[in-house]
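*Asks:* Given next are the chains, with one letter for each unit.
Number of protein chains: 2
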Amino acid sequence: MGISAMHITVGQYLIKRLHEAGVRQVFGIPGDYILDFYEQLYEGPLEHVGTCTELGAGFAADAYSRVHGLGVVCVTYCVGGFNCLNAVAGAYAEKSPLVVICGAPGLLERGRSALLHHQVKDHRTQLDIFARVTEAAVALDDPARAPEAIDAVLDLCQRRKRPVYIELPRDMARARCMAPRRHKRTMPVSNPATLMEAAADAVELLNQAKRPVILAGVEIHRFALQDALVRLVEQSGLPVAATLLGKSIIREDHANYLGVYEGAMGQARVRRAVERSDCLLVLGAFMTDINLGANTAQLDVDCTINASSERISIRRHHYEDVRLDDFIAALAKGLRRRRNIGKPRDRKAPPFRPKTGQPMTIRRLFNRIDAFLTRNHMVICDIGDSLFAAADLIIRERTEFISPAYYTSMGFAIPAAVGAQMAAPKLRPLVIVGDGAFQMTGQELATIARNKLNPIVIVLNNKGYTTERYIKDGAFNDIHEWAYHRMPDLLQAGWGAEVHTEDEFEAALMTASKNTSAFSILNVHLDPWDRSNSLERLGQSLASRK
Amino acid sequence: MGISAMHITVGQYLIKRLHEAGVRQVFGIPGDYILDFYEQLYEGPLEHVGTCTELGAGFAADAYSRVHGLGVVCVTYCVGGFNCLNAVAGAYAEKSPLVVICGAPGLLERGRSALLHHQVKDHRTQLDIFARVTEAAVALDDPARAPEAIDAVLDLCQRRKRPVYIELPRDMARARCMAPRRHKRTMPVSNPATLMEAAADAVELLNQAKRPVILAGVEIHRFALQDALVRLVEQSGLPVAATLLGKSIIREDHANYLGVYEGAMGQARVRRAVERSDCLLVLGAFMTDINLGANTAQLDVDCTINASSERISIRRHHYEDVRLDDFIAALAKGLRRRRNIGKPRDRKAPPFRPKTGQPMTIRRLFNRIDAFLTRNHMVICDIGDSLFAAADLIIRERTEFISPAYYTSMGFAIPAAVGAQMAAPKLRPLVIVGDGAFQMTGQELATIARNKLNPIVIVLNNKGYTTERYIKDGAFNDIHEWAYHRMPDLLQAGWGAEVHTEDEFEAALMTASKNTSAFSILNVHLDPWDRSNSLERLGQSLASRK
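First to last, the protein sequences are chains A and B. So in the numbering used here the end of the first sequence lands on 546, straight run, no missing numbers. So in the numbering used here the end of the second sequence lands on 1092, straight run, no missing numbers.
Chain A extracted, bound-state conformation:
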């Protein structure tokens, strides 16, 4: 390596690379197998954010990654790792680039005959398990090769936008190694001839079409292609819909924006435009059941161009080795210019007038939120009607709608608010979470309090798992009711209010809005059977599934 190499410890090198990649905060809980690395973290430029649970750390890091581009969760061996596995699996499913750093017993202590605490079967167990939910999993068990291994997995994480796993044996954190001073990332390039052929192929179909429509998904956000998408839309004049997972990849008051497409779950107007299109251009979208309105979507492959970071399919043939950004840029150049097909619509939310004494409903609540949102907010939705009802909210900036709409793991939203607001401190999170989901990870409000974040948390208190009530009802969907608005008493921070009626909600929302120094939590009582239009359609669809 000559003069471009340096002496450094394995732990320091890992921290240096993460910092160079733009990471500023690391989420996690220490444990004895990772304590040496934690000590190194505190000596370096990264800030550690301690959470209540490792699952919370995982969700926080995932959300940080969604906003910031790369997130890190750092926990101890097995008990820590397994507790955040679900969050890592979700990040894999939804392409959120997450670096998972787990401690492990030191190499030297493994030879002893005694079983080590936190161990399950053998020294491979944790690595083998994480290999199944990450893009790559590596154990840094050789200092000489550690820098190369670190560079390789970080590259992969950023290129594929999926989690990677780094196992750091206790005695390796401070092991010395030689490392390159500067790391050159290798990024794949498009094959020029393939790109040209694919673009020409797509341009021809789109230019001939009478009713072309773009359906854009979450990869637009993950690969930072929002500006490229806007250029494509504005230069071609094509209308654009978003998937639910991709919601907010284009600002939703854009004249060409149709709304969220989700098959039978979504608005009929959007569905008509997408499904009646004679050439649908799908960009970076996952073809998933929830994205597709629980499989109610009717898309004709013979009228579809489906381009993602993995490959481009045009009707029934495929192109590989073409980058999504190159493809979008080539389309922007090649497509003929049309006058806007979609009429510019008034995307201003209608004003909301609360009716005194009127019990709050999910529909009215979301109408109120829609009128309340500004470009200084971000919306973070948990799973359930928190998400489904939110599909029609108007998001005015990009990256400001965050939800695990494909993996649909309950309990995402509260810890996600930690990571999201740390990544974008100027935006105030509006967190919408069901009561069942709140009970899973609501304790991370303590992390919110500790870090002086100020989300407005709206708990949809419908006394159980209402989404499931519509699939199959039974006592198993009931939960114990908490006085959610009393979390501030428990945490000795924040402000809470109990809401039954529209006027109470109005007053609480106004107080919360002014309470910018800490979190606010609104316990909104709803009828257990109250639901949004979207959920009504989803429930019918899932219940009839055979």
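Please keep in mind that the hints were generated in silico from the structure rather than gathered at the bench. Hints are not guaranteed to be accurate.
[Unchecked claim] Here are a few chain A residues that face chain B, going by a calculated C-beta distance under 8 Å:
| # | residue |
| --- | --- |
| 1 | Asp-32 |
| 2 | Tyr-38 |
| 3 | Glu-39 |
| 4 | Gly-50 |
| 5 | Cys-52 |
| 6 | Cys-78 |
| 7 | Phe-82 |
| 8 | Ala-93 |
| 9 | His-118 |
| 10 | His-318 |
| 11 | Leu-373 |
| 12 | Lys-472 |
| 13 | Met-487 |
For glycine and all other residues, C-beta sits at the position ideal for the given N, C-alpha and C.
With chain A fixed as given, assemble chain B onto it according to the hints.
*Replies:* Structure of chain B alone, referenced to chain A:
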């Protein structure tokens, strides 16, 4: 199968077999891939206990299993399964027989092209991961073979005392199958000649020894050998120590009981007796680092007989195919009778007199608890000083000390109290939990409230991860302080008190003792650096580890 077979659905057969195996409660959270099975559960003889989180369900089922002999956790696909993985891994590590039932997409819907929600990589992901933390993992994807598969894994679970995993695709729960009316469990038998040789071998060594001692571990409890152990002890007159994980496998006021052996961590008196023994008979103990006082134990293999459910090692040779119960019975028959070597000691806890205004310390707190405990309590300890300090408490019955002393996963105790008290409704749990651990799973107090259980919860509020402070201190060991005694306000149930001094603790304990209709929670303020003698020794040992 002729007349001994019957028509039944796969789900019903699984429920029937669990019920026959003695299971009465099933812990878990429903999700759409497991809803059909939940409906079947509610139609059958088993009671469903809904928890706040799947991790809580896993710990509850594990504790239920430790007390009752077999536990069941039932959750949905991936998001549910992964969230309880850590509890299942802990049950594997500590040999707690747990049946994990996870939903999965229906076989018929897997052929469709769309990705299904909750999915990570492919349809094998969840099964492959659980295979790494269970004794056996099976997917019930063929109704014809499902009964046989169910019988096989349930047998294995009960025989090896380790978790098994059953994946139930959504459309298989109500699939019809032919099943045997009665299931004959196949249990391994000892090879008579091997048993005779092994027993003679051990008897000779023990009878010749001058200072023989028994060290008994958790398998005595798992395999229900407590009475057999007492017979062996009383017929031979040998003194007996317990491992930390095995604590309470013999009632601790027994005349021959020495105390908990844990190397340098434990009491010097016990350590001397065990390490100076010229023939140590280890029965069903895990040779783990925490059990062995963080590897400070000094046991001489040339003076050791180590018998477990897996094999018997005498000095440096091994016997297989010998059951632990047969071996213990043979020893009881063959050993010569000695007068008690250990003098019957006064195992009555010294009376406790609270000093008014005196700040509470961990040592005094455990002195008080020791005097408080009766045979109507069970003690459930979380990880940290909650466990280490508890080693010297005097447990008066068997199976009444529960703690994950080997796997050492924080957050075990509160959900474990749910399962343990449901398995033994006549005993009142005394739950000792650190503040860091409480923040992980404390919301399961809601499950405790919902099911009208009445544990007394003592939160050791030392403002962070005190055990770690002694290994390596830093701000990473600090946590946000909650007003733990206000959980009743949040949950609208139970009773709480804040405690600073000995007299406050006394008053709170008395009130809690009388409050038998609901849980009580005592928020006991401690100095962040206050610790038990055991923790002092453990911290020194871990910090000096290289």
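*Asks:* Hint by hint, note whether the structure agrees.
*Replies:* Against the structure, the hints:
1. Asp-32: holds, 5 Å
2. Tyr-38: holds, 5 Å
3. Glu-39: holds, 6 Å
4. Gly-50: holds, 6 Å
5. Cys-52: It holds, given that the least Cβ distance between Cys-52(A) and chain B is near 4 Å, below 8 Å.
6. Cys-78: holds, 6 Å
7. Phe-82: holds, 4 Å
8. Ala-93: Interface hint status for Ala-93(A): holds (5 Å vs cutoff 8 Å).
9. His-118: At about 6 Å, which falls below the 8 Å cut-off, the nearest Cβ of chain B leaves the hint on His-118(A) intact, so it holds.
10. His-318: violated, 14 Å
11. Leu-373: violated, 26 Å
12. Lys-472: OK, holds: Lys-472(A) within 8 Å of chain B, min 4 Å.
13. Met-487: holds, 6 Å
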